[in-house]
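S.K.: Just need the whole structure built from these sequences, with the hints factored in.
Counting along the sequence shown from 1, when you hit position 19 you're at 24 in the working numbering, and nothing is skipped either side.
If you're looking for bench data, these hints aren't it; they were derived computationally from the structure.
Straight-line distance between alpha carbons at most 30 Å, and here's what the computed DSBU-like set of lysine-lysine pairs gives:
#1 273 <-> 217
#2 217 <-> 248
#3 290 <-> 242
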Amino acid sequence: MSSEIKIFSGSSSKNFAQSICDYIGVELGKSEVITFSEGNTFVRIGETVRDKDVYLVQSIGLNPNDEFVEILFWMDAFKRASASSVTAIMPYFSYGKGDKKDEPRVSIRARVCAESIELAGADRIVAMDLHSPQIQGFFKKPVDNLIALPVLCEYIKNMDIDNYVIVSPDAGYAKQARGFSRHLGVSTVIGDKTRKAHDEKAKVLELIGDVKDKNAIIVDDFSISGGTLVELAGFLKERGAKKIFACLSHILLNSKGVEKIENSPIEKVISTDTLVNPYIQDSIKVEIVSVAPLFAEAIIRIHNRDSLSILFEKLPERVINALDLKK
6 MSSEIKIFSG
16 SSSKNFAQSI
26 CDYIGVELGK
36 SEVITFSEGN
46 TFVRIGETVR
56 DKDVYLVQSI
66 GLNPNDEFVE
76 ILFWMDAFKR
86 ASASSVTAIM
96 PYFSYGKGDK
106 KDEPRVSIRA
116 RVCAESIELA
126 GADRIVAMDL
136 HSPQIQGFFK
146 KPVDNLIALP
156 VLCEYIKNMD
166 IDNYVIVSPD
176 AGYAKQARGF
186 SRHLGVSTVI
196 GDKTRKAHDE
206 KAKVLELIGD
216 VKDKNAIIVD
226 DFSISGGTLV
236 ELAGFLKERG
246 AKKIFACLSH
256 ILLNSKGVEK
266 IENSPIEKVI
276 STDTLVNPYI
286 QDSIKVEIVS
296 VAPLFAEAII
306 RIHNRDSLSI
316 LFEKLPERVI
326 NALDLKK
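M.R.: The structure is reproduced here in structure tokens:
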């Protein structure tokens with residue numbers, strides 16, 4: 006494999022890409038990114054990739070415009086260097102939130118990004134927990150949408166917590182929440198949430214299900230302001246919940262969001278390392294579990310033309326061991 010596969014990192018995912026390489030047992034490809042004084046981005050491959058299968062690891066995270074444009078330049082550079090195939094590994098796809106035209110005169114941003122990445126040269130895309138399933142249909146090339154659920158559930162199993170329920174913040178995430186519940190063998194509670202504008206403020210109106218005298222684990226794909234998590238946590242407390250935790254596929258909390266979490270009834274927020282977030286580094290309530298082993302296993306299976314279906318249900322033992330969840 007090492008003579009054929011090449012893994013490179015963009016500027017946003019250096020540590021994540023290195024963890025993937027450590028799992029697979031290959032060297033991280035040599036590359037360089039320069040940002041000129043006027044803001045232009047320049048990328049350069051530091052070794053030959055002719056006739057190689059290339060995997061470029063780059064999240065579109067907290068600096069989405071620059072990180073997205075960088076992906077386009079990398080795709081073009083690898084194709085012009087005669088790579089056999091180029092797979093874009095995007096642990097987090099920020100513009101996935103722009104997945105529909107739900108008001109007049111707006112862009113479907115996720116579709117524009119998808120088409121641009123393909124036109125730049127991507128042969129395949131691997132992401133995690135895209136904001137909605139239809140985003141896969143915005144691409145004409147194959148898309149593997151990995152899920153953080155198995156990894157987060159492994160973490161939950163290692164927590165000292167019993168008599169708990171899984172809580173979805175709204176009906177839109179209920180299907181994924183029930184997936185957590187099936188995996189863990191517990192019940193699901195669903196929040197009734199409304200949002201009137203693009204100000205990241207939501208109002209929890211009601212709960213469907215019982216949380217009295219139970220511990221609660223709120224699950225969601227991401228949080229930016231922390232507002233929904235904190236409000237829902239307060240609502241759960243009013244309804245008699247004991248300890249409250251939260252699990253997020255991606256953690257985008259800004260500084261104010263972290264402060265809200267620190268001052269809230271939430272005991273702990275568990276999330277993944279799909280993007281680098283400097284705001285959470287000093288938080289006493291945020292815990293990060295790496296999904297790099299899951300992506301590494303996906304790359305191995307893609308490269309060997311094997312099925313990825315097992316990664317959506319039960320993790321292979323070597324992935325669980327690589328997570329190092331036993332404290």
